[in-house]
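*Asks:* Each residue of the sequence shown is one higher than the last, beginning at 1 in full-length UniProt numbering.
Source of the hints: derived by calculation from the structure; they are not laboratory data. The beta-carbon is built from N, C-alpha and C at its ideal position, and this holds for glycine as well. There could be a bad hint or two in this list.
Stated by the list, open to error - Pair ranges (Cβ atoms, derived): (1) ALA136 <-> GLY51: 35 to 45 Å; (2) GLY138 <-> GLY45: 41 to 51 Å; (3) PHE185 <-> VAL118: 17 to 27 Å.
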Amino acid sequence: MRSDPVDVVLPCLNEAPALPGVLAGLPPGYHAIVVDNGSTDGSAGVAAGFGATVVTEPRPGYGAAVHTGLLAASTDIVCFLDADGSLDARLLPELVEPVRAGEAELAAGRRRPESAGVWPWHARAGNAVLAAALRAKGLGVHDIAPMRAVRRRALLALGVADRGFGYPLELLIRAARAGWRVREFDVPYGPRASGTVSKVSGSLRGTLRAARDMAGVWRA
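All chains, please: the whole structure from these sequences, using the hints.
*Replies:* Here it is, written out as structure tokens:
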């Protein structure tokens, strides 16, 4: 595989316990841009200590953090990865290669839980319903994936507007409308790093906010 540099955007809200493992797992040539989205646990300092570029996004929301990271990136291809330790950063080159080769506009990791309880049933069920609706629109996906590779300019031109939890869904809806080719790759989905809490399934408030954001995107 070619070794052109790739920026990796990691939205981050109180992920200090997970960051050392995630950042150490990045392949050579993959540079982390950690977007601190209001952390109070010293995440920014941990990230900087491991050589990551740290940018701050004061507006709360997954989409806000992702977009800020995208603007801060400078490489042709950009990856996106959750910072909680549940996904293996070493697999990113598998996603990058079809984008680099012109075989896909977007490559995404399809999560495969490694053990029971890793993916709460309500989150998994909601994901399955949304993915089925996207397939009905002609986009052959099975996951609203948090692990992605895409060309930076193409993603900016797509114009994803949601700045909350609806961002991944809006991205796929717009990709379908634009006729993008999307490649999915099975990726192991493990438990979050100890000491971190899911912003979606970890609380009733997070779950309700994610449902609200995604419903708003779907109706738009």
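*Asks:* Taking 41 to 51 Å as the stated bounds, is the beta-carbon spacing between GLY138 and GLY45 within them?
*Replies:* Roughly 45 Å apart at Cβ, these two residues keep to the hinted range, so it holds.
*Asks:* So the hint says 35 to 45 Å: do the beta-carbon atoms of ALA136 and GLY51 match that?
*Replies:* Given about 43 Å between the Cβ atoms, the range holds.
*Asks:* Please check whether PHE185 and VAL118 have a Cβ separation lying inside 17 to 27 Å.
*Replies:* holds (18 Å)
In terms of the numbered hints stated before, the structure departs from none.
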